[in-house]
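S.K.: Chains as they are written, first to last, in our numbering: chain A, 1 to 262; chain B, 1 to 493; chain C, 1 to 440.
One should not assume that every hint holds.
Computed footprint of chain C on chain A; a stretch qualifies when at least three of its residues, placed anywhere within it, have a C-beta under 8 angstroms from a C-beta of chain C [what the hints assert, rightly or not]:
#	stretch
1	57-66
2	84-90
3	98-104
4	119-129
Honestly, the hints are just simulated from the structure, not real lab data. Even for Gly, the Cβ is constructed at its ideal location relative to N, Cα and C.
Below are the chains, spelled out letter by letter.
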Amino acid sequence: MTRLGMMLRKNVMSLLEVKDLQVRVEEREILHGLSLTVNPGEVHAIMGPNGSGKSTLSHVIAGKPGYEVTGGQVLFKGEDLLAMAPNERAAKGVFLAFQYPVEIPGVTTWNFLHAALNAQRKARGEDEMSSPAFLKKVREVAKSLSIPQDMLKRGVNVGFSGGEKKRNEILQMALFEPAVCILDEMDSGLDIDALRIAADGVNALRSPERAMVVITHYQRLLNYIVPDVVHVMSKGRVVKSGGKELALELEESGYAQFEDAA
Amino acid sequence: MPAVQETVERVRRIDVDQYRYGFETLIESDKAPKGLSEDTVRFISAKKNEPAWMLEWRLEAFRRWLTMTEPSWARVHYPKIDYQDLYYYSAPKPKKTVNSLDEIDPDILKTYEKLGIPLREVEVLEGVVRPEGERRIAVDAVFDSVSVATTFQKELKAAGVIFMPISEAIREHPELVKKYLGTVVPTTDNYFATLNSAVFSDGSFVYVPPGVRCPMELSTYFRINERNTGQFERTLIIADKGSYVSYLEGCTAPQRDENQLHAAVVELVTHDDAEIKYSTVQNWYPGNSEGKGGIYNFVTKRGDCRGRNSKISWTQVETGSAITWKYPSCILRGDNSSGEFYSIAISNGYQQVDSGTKMIHLGKNTSSRIISKGIAAGKSQNTYRGLVSAHRKATGARNYTACDSLLIGDQCGAHTVPYVEAKNSSATFEHEATTSKISEDVLFYCVQRGLSQEEAVGLVVNGFVKDVLQQLPMEFAVEAQKLISISLEGSVG
Amino acid sequence: MNVVAKTETGRALGDAFALVSDRLPGGGKIADQRRQAFEAYERAGLPHRRIEDWKYTDLRALMREVLPLAPAPDVAALNRAAAVVKKQAIDGVRRLVLVDGAFAPDLSDLGNLDKGLSIRPLREVLDAGDGTLSAQAFASDNSNPMIALNGAMATDGVVIEIADGTVLTKPLHIVHVASSAAPAAMFTRSLLRLGRDTGATLVESYFAAEGTKAYQAHDGLIVAIGDNARLDHIRLVEDGSDAFNISSATITLGAHAHFNTFAMTTGAHLSRYQLTVTCAGEGSKVETNGVNLINGKQHADTTLFMDHAVPHCDSREIFRAVVDDRAHSVFQGRIIVRPDAQKTDAKMMTRALLLSDEAEADNKPELEIFADDVTCGHGATTGALDESLLFYMRARGLPEKEAQALLIQAFVGEAIETIVSDALREVAIAAARRWLEARA
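All chains should be built: construct the whole structure from the sequences, respecting the hints.
M.R.: Shown next, in the form of structure tokens:
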């Protein structure tokens with residue numbers, strides 16, 4: 001049985017379930033009933049042209065203000081994700097790697113990571129991690145991603161190159177060990193070498209318990225992060241799902257064929 | 001560098017005293033008796049054949065004025081003004097209704113010709129070659145207290161635009177004047193505005209009906225000629241829904257040893273989606289090289305962005321006057337409305353400038369932009385004073401302010417006094433100011449490349465003010481650029 | 001109520017002054033100076049909004065009256081003060097405590113003074129009739145009514161002299177404690193003179209003893225920094241939430257002198273800090289930095305006057321205001337460059353962060369430039385916390401308040417980081433943290 005077939009089996013407890021999601025931004029509906037089911041261990045790719053609603057989906061899952069959910073639901077391990085504050089979602093294990101990670105001047109990366117990790121642990125009722133233990137852990141992860149130590153002393157993402165910013169996102173992903181990672185246009189602004197380093201970092205984090213949702217416009221990224229399932233989005237809906245070969249097909253013939261399906 | 005070269009040559013032609021508009025026109029005039037009383041107010045109102053409501057409005061302002069005191073907060077110093085030693089009304093004689101330019105006193109026409117102001121409808125501003133098909137300018141010329149000619153009236157009328165002396169508008173469009181006069185600058189606003197309300201003699205009135213884009217630039221040219229005369233003009237411009245108008249204002253006065261008072265009021269109103277662009281080139285007589293004489297320019301200019309998405313833009317080039325006290329402001333009342341203030345203020349000799357703007361954010365998502373360039377030379381004092389405020393309900397208010405000052409010589413002063421007041425957490429204000437002198441290195445570089453010191457200064461100053469000059473309509477920009485260089489003549493030691 | 005000065009009522013102010021004048025140290029010339037100062041205050045009355053300098057801090061509306069002079073502290077008051085001084089103690093400093101406007105020798109550390117260091121209570125100096133020092137302590141300008149009032153009423157303070165070539169081993173810490181059981185005003189005035197080639201660190205703190213609520217602290221600090229000397233100065237206002245603190249500091253720098261100051265206000269219902277710094281010697285250098293962290297209905301005003309009187313001096317100002325609830329922060333910063341002060345390099349940056357829709361921040365940075373060969377500039381910004389940063393941080397698991405706290409710390413950090421001494425920087429950071437924790 002293919003992985004796709006497994007995914008469609010009903011008896012697997014899904015990790016992330018998006019059901020008939022409808023979302024508005026300032027009176028304009030962006031998502032018109034989007035559904036998606038992601039199980040542990042799976043890597044899903046969501047592809048689609050600009051304006052199809054890919055980033056809106058990632059923002060709504062992470063709880064970014066400014067979006068109005070007018071219908072449908074998002075369940076995470078069976079719980080209503082939409083009812084939770086963004087930080088609660090993070091503590092539960094939802095991680096969004098931002099397309100454009102913000103710069104936070106004056107807050108050192110080190111200090112930020114420690115504060116965020118402990119906030120998550122506290123929310124889960126776990127003990128806070130001491131500074132030495134944290135330092136050790138960050139150093140290990142940073143080393144594996146070729147992130148130089150001095151980057152950790154600088155303000156979060158301040159003065160980082162595009163590649164460094166994306167690596168910093170993956171560093172956080174490795175550190176927080178989330179259950180589901182949503183990678184929003186991770187390839188944007190990266191050259192091929194930077195892309196490879198970032199993809200290696202992501203691949204190292206693949207595990208049977210963890211799911212990934214890779215949002216991308218281009219097939220290129222999927223050469224490095226090979227998905228189990230590919231969804232095509234158009235005009236706020238998933239219009240086709242299939243195996244990784246669907247991505248290649250898109251590369252050949254473009255998105256136009258799906259415009260009408262939407 | 002043709003402009004610079006031309007400027008320098010022009011400067012050479014000018015006599016010791018550099019003010020080129022300093023001549024006097026010898027004509028007979030009809031004056032109110034010297035001094036200010038209720039009778040003066042009644043005299044002016046009667047001369048203008050005003051309706052009773054207008055006289056009452058003036059008298060109320062006059063009574064209010066008697067209870068007020070002259071403001072002293074500005075960084076300007078001048079001897080006490082004797083308001084009883086001034087004439088409040090002066091009109092060229094013989095006074096009769098003028099139907100065509102041919103009926104205007106030829107001496108007055110000559111005056112405007114000398115000033116380079118096109119009263120004959122075919123003419124254009126001096127020094128500008130007009131390419132085919134370029135827009136024309138309608139001019140309202142105000143000589144001392146009265147409007148002497150307004151051009152292109154027929155064509156404007158066809159477009160539905162009302163452009164006439166305010167004295168005529170009071171008679172012909174009382175409903176419009178009543179509805180708007182004093183609603184932006186109330187008669188109680190400040191000492192000089194209140195005085196103006198009592199004694200204003202003329203000025204321009206513009207009404208642009210809904211959806212109309214005014215087919216040409218409108219312009220008023222103010223000239224003070226008479227001795228010991230105060231000039232108190234009043235301008236009221238209304239841009240109705242979805243309309244647009246660009247308005248230009250210029251001013252000069254003869255050279256005189258005594259100081260003359262100019263206390264104008266300008267009110268602008270924009271309704272939904274309307275825009276007014278108001279440009280001023282102010283070149284009143286600044287006084288002589290010893291600081292004697294010159295105009296006291298105490299002016300209240302304010303625009304009310306009353307409608308949604310409306311816009312008011314002020315651009316000013318201030319080179320004249322002994323003292324300038326002037327803050328063209330925007331009340332951003334309509335949601336999404338925006339205000340702009342672009343200013344070049346140049347002071348030389350003993351001039352004192354205290355000028356700037358107020359951007360008062362009241363509506364939601366309003367924005368404003370302030371670009372001010374102050375240049376102080378000689379023994380002058382040049383102050384930028386500006387207020388940016390966001391009120392409680394002005395969510396999403398945004399302002400950007402940049403004030404730069406340039407000092408030429410070590411006898412002058414350049415000052416920056418911004419007031420940044422936020423009563424709303426969603427307001428985003430940014431203010432920057434710098435003060436510097438012309439870099440010796442840049443001057444040397446230019447001189448090494450063959451420019452004279454004077455040309456080099458002209459070049460640097462023109463670069464310094466470029467952002468603002470670009471905001472002016474083309475004809476004005478060329479004129480202003482020359483004016484700037486002339487104003488700075490003699491400033492390089 | 002026995003009020004020293006009450007507005008509008010037209011009450012005989014002179015009588016009130018006469019009533020307390022027997023408690024004011026210094027006879028002869030000083031008494032004359034006090035009378036003149038009081039008359040100057042009396043003519044002006046409490047400053048109000050129509051006076052340009054007080055536009056945003058209208059004492060007639062906000063303070064209304066000057067409270068009666070605090071009685072000299074009794075044993076109970078001193079005990080209450082001792083308890084809070086102990087609690088707020090900073091390690092490694094030489095403490096000089098003023099309780100309710102009176103020097104408290106028992107709470108102060110006057111032992112083992114460095115060679116070249118002299119510390120005396122102002123009252124003692126005045127009573128001893130030391131003409132020069134007294135004159136210096138009262139040589140201020142009466143044109144500012146609140147400085148004039150302070151000069152008229154000052155009951156005590158400390159007079160510190162540092163002889164040429166002396167570099168102090170320990171920071172000096174002047175502690176202002178309010179301990180009066182009844183609402184009262186205290187007036188203190190201190191003098192610090194640094195000779196040539198000296199170095200010192202001065203910390204000033206303001207707080208109240210347990211149970212002391214409505215009071216007014218009026219302080220005046222006069223500092224002269226000699227040629228080639230350096231003073232580091234930190235000022236922390238942690239007064240009680242009903243207190244008023246109206247203080248001024250007047251600093252004069254000699255040639256090649258260096259003054260680094262940091263002021264933070266987290267306490268007091270209403271505070272105004274008037275700092276006047278004059279570069280009177282060529283080649284001097286000034287860094288004045290400050291932070292307001294305020295909430296509730298607090299009103300905090302920092303009014304800085306940076307006077308470049310001579311050529312070749314540099315000044316830098318960094319000011320940050322964080323304003324929550326219905327609080328009102330005011331920053332007025334005037335830089336003047338006098339006609340001869342060529343080659344001045346002066347820059348000022350003030351930024352306000354509004355955390356609530358009812359908060360207010362007014363910024364008035366001013367440049368007054370009379371010399372042409374200068375580099376001067378200022379900047380001012382006002383805004384809220386950046387929503388996209390907050391979301392990013394929350395997406396990483398930080399609760400809202402915690403994310404805000406991190407951003408606020410970063411925002412004020414730039415000013416706090418200018419404090420040179422590690423230990424004192426930690427003191428300031430701790431005070432900022434206390435504010436943030438109380439907020440959470």
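S.K.: The structure should be examined with respect to each hint, and the outcome stated for every one.
M.R.: These are the hints, each one checked on the structure:
no.: 1; hint: 57-66; in the structure: holds (count 4)
no.: 2; hint: 84-90; in the structure: holds (count 5)
no.: 3; hint: 98-104; in the structure: holds (count 4)
no.: 4; hint: 119-129; in the structure: holds (count 3)
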